[in-house]
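J.: Modelling step: build the complete structure from the supplied sequences, incorporating the hints.
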Amino acid sequence: MSNAQRFLRTVDGFEQAVARVLSVLICAVVAAATLQLIASVGLRVFNPSTDWLNGELMVLLDRLLLILIALEVLQNLTAYLREHVVQIELVLVTALTAVARKVIVMPQPKDGQPWELASLGFTVLALAAAYGLVRWALRQQQPQGLQ
1 MSNAQRFLRT VDGFEQAVAR VLSVLICAVV AAATLQLIAS VGLRVFNPST
51 DWLNGELMVL LDRLLLILIA LEVLQNLTAY LREHVVQIEL VLVTALTAVA
101 RKVIVMPQPK DGQPWELASL GFTVLALAAA YGLVRWALRQ QQPQGLQ
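For the sequence shown, position 54 matches number 54 in the numbering used here, and the numbering has no gaps at all.
Incorrect hints may have been included.
Across the chosen pairs, the derived CB separations fall in these ranges [to be verified]:
1) 115 x 140: 18 to 24 Å
2) 56 x 9: 49 to 55 Å
3) 87 x 5: 21 to 27 Å
If you are wondering where the hints come from, they were derived from the structure by calculation, not from laboratory data.
Being a predicted model, the structure only gives us computed values, none of them experimental.
Note that the Cβ used here is the ideal one computed from N, Cα and C, for glycine as well.
T.: And the structure:
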């Protein structure tokens with residue numbers, strides 16, 4: 001085995017080890033965040049003064065979507081560990097979820113800041129177009145009988 005091959009094997013092993021460590025860390029964070037969300041919702045549900053329509057529901061949705069994004073990142077890592085490639089389709093879906101979270105929990109726009117909403121709209125369009133192109137390219141690579 002040449003020095004270049006040994007080096008590449010070492011780098012690949014390092015990448016795999018880092019991906020495993022990150023997966024374990026994300027699992028721990030998702031578990032802790034889920035337990036914290038359950039406890040927080042449980043306390044709010046039984047508190048009669050909780051005003052779900054005045055911000056509490058948005059806080060809940062924000063935290064829930066954040067946990068879902070972390071799960072998608074975990075899926076990206078496990079896909080990398082299984083197939084040794086970054087699946088761009090998963091990355092784009094994760095990015096779309098993150099932008100959707102931002103749009104959903106976005107406070108009322110302030111005067112003079114319409115650029116924030118416009119930039120999010122452009123980001124959604126760009127990510128959706130990229131996702132569509134990736135899906136189209138993947139379909140073009142499949143044999144005719146599987147489409």
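J.: A separate judgement is required for each hint: does it hold in the structure or not?
T.: Status of each hint after checking the structure:
1. The supplied range of 18 to 24 Å is broken by residue 115 and residue 140, whose beta-carbon atoms lie about 37 Å from each other.
2. Separation of residue 56 from residue 9 is about 52 Å and conforms to the stated range, judged on CB atoms against 49 to 55 Å.
3. Under the hint 21 to 27 Å, the C-beta atoms of residue 87 and residue 5, about 26 Å apart, fit the expected range.
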